[in-house]
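Residue numbers (the numbering used here), protein chains in the order written: chain A, 1 to 53; chain B, 1 to 226; chain C, 1 to 148.
Mimicking DMTMM-like on lysine to aspartate or glutamate, the simulated pairs with C-alpha atoms at most 20 Å apart in a straight line are: (1) Lys-42(A) / Glu-222(B); (2) Lys-39(A) / Glu-222(B); (3) Lys-22(C) / Glu-85(C).
Derived from the structure by calculation, the hints contain no laboratory data.
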Amino acid sequence: MDVRNFTYMVYGYSAAWLIIVGFVFLLVSRSRKIDDELKRLKSLVEDRESEPR
Amino acid sequence: MREKLILTLGSLGTVLMLWVIYTVFLGLPAEILQGDIYRIIFIHVPAAITAYCLYGVAVIASVGFLIKRNFVMDSLAVSCVEVAQVFTLVNLVTGSIWGRIIWGIWWTWDLRLTSQLMCFLLYLGYLLLRPAVSDPTQRGVMSAILAIFAAADIPLVVMAIRLKNVRTQHPQPVLETGGLDPSFVAPFVVSMVALMLIGTALVLIRLHQESSRREIDSLRRELHAV
Amino acid sequence: MGSREPMNRLRFQPGWAIFLGKAFASFLLLMIVELISLPVFGVFYNVPWVDSFFPLLLIMVLATWGITIAGSAFSAVTVNVRLRELMLPVLLYPLLIPLLTAAMEMTTALMNGESLGGANSGGLRILTAFDAIFTALAVYLIEYILVL
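From just these sequences and the hints, can you work out the full model?
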């Protein structure tokens, strides 16, 4: 009984940690996508501005 | 500056959490009735409290957006709701695991678990509505109204579940006895502080993403206008 | 010329009046459906509804008004949204759960022969609270939705 309790408690803490870490990964991947998109758009705007009129 | 703030908050929260885990695992004795599983309370309850605080901030930000139409408030609302959803999920999963050991069942429709699940579902609708609206102003207004409706519903949910349990006399599994043993108080409070710090760091990261998204939108408009 | 009068009059009404009108129309429609299905269900499921008809009617009116006001508010919110046929139920049903739970509990009590006072008055309080809160919220916030 005690061992099973301990195992489940470890499951519980691991689950909590996994959920938070998973969210952090989600945020990081979203950040990367947003930064790439931002860089692309900024370079497009600069190209358009530096075009000879 | 902002990145330094996020890093400080995040690392401080993590360090505090590590201290809590160390104390909880090694410093405290096993409880007679419940065995080792009771230690999960040190994540289960602080996660719920952090989630409620974040939902509260989200509702206040939503009201602020309706009044002032400031998009920073809208970004704050959605960031807080997202992070609060994560902590609510942590609360539900740890609560379910705890219930499996104590009561032998993965789920029960008691007051606390059910109201947390309802919170999760209501604000999940909020997160589902946002991508479906294209215009930013409309999106902000609709989500703000939804956030206010959801927050108004939560007390009614609590009342309804209490009514249901009283009427059919379900055995109310009591999760907490009256007072908390003094040696428990320190890890509990520190765990709350740690999770709030981590939550704040995550909200700040998400806020920055929202402002980047707004910048992308304005750049796109500029490109299309040329 | 004369046929434009009703439209002009409608245009200059405040937003919340139109909204309440729509909610009330849906309410009447739902009540008619419920009053028709009540005897039908009573016959097919052998439910003793005749004895406690008036308390049952009270529950029906309160709960139906709650459903209509929340549903009308959410339909105003989701009118311009992608997948609006899917969004409306997804958003609405979690919100209605306390209302439906309270109504079901009280209907069960009535069918078991108990009265609506005493231990069961909590349900009436929930229904009234739900109606009051959400009517107030919907009427107040509808201006923000309709301005767009």
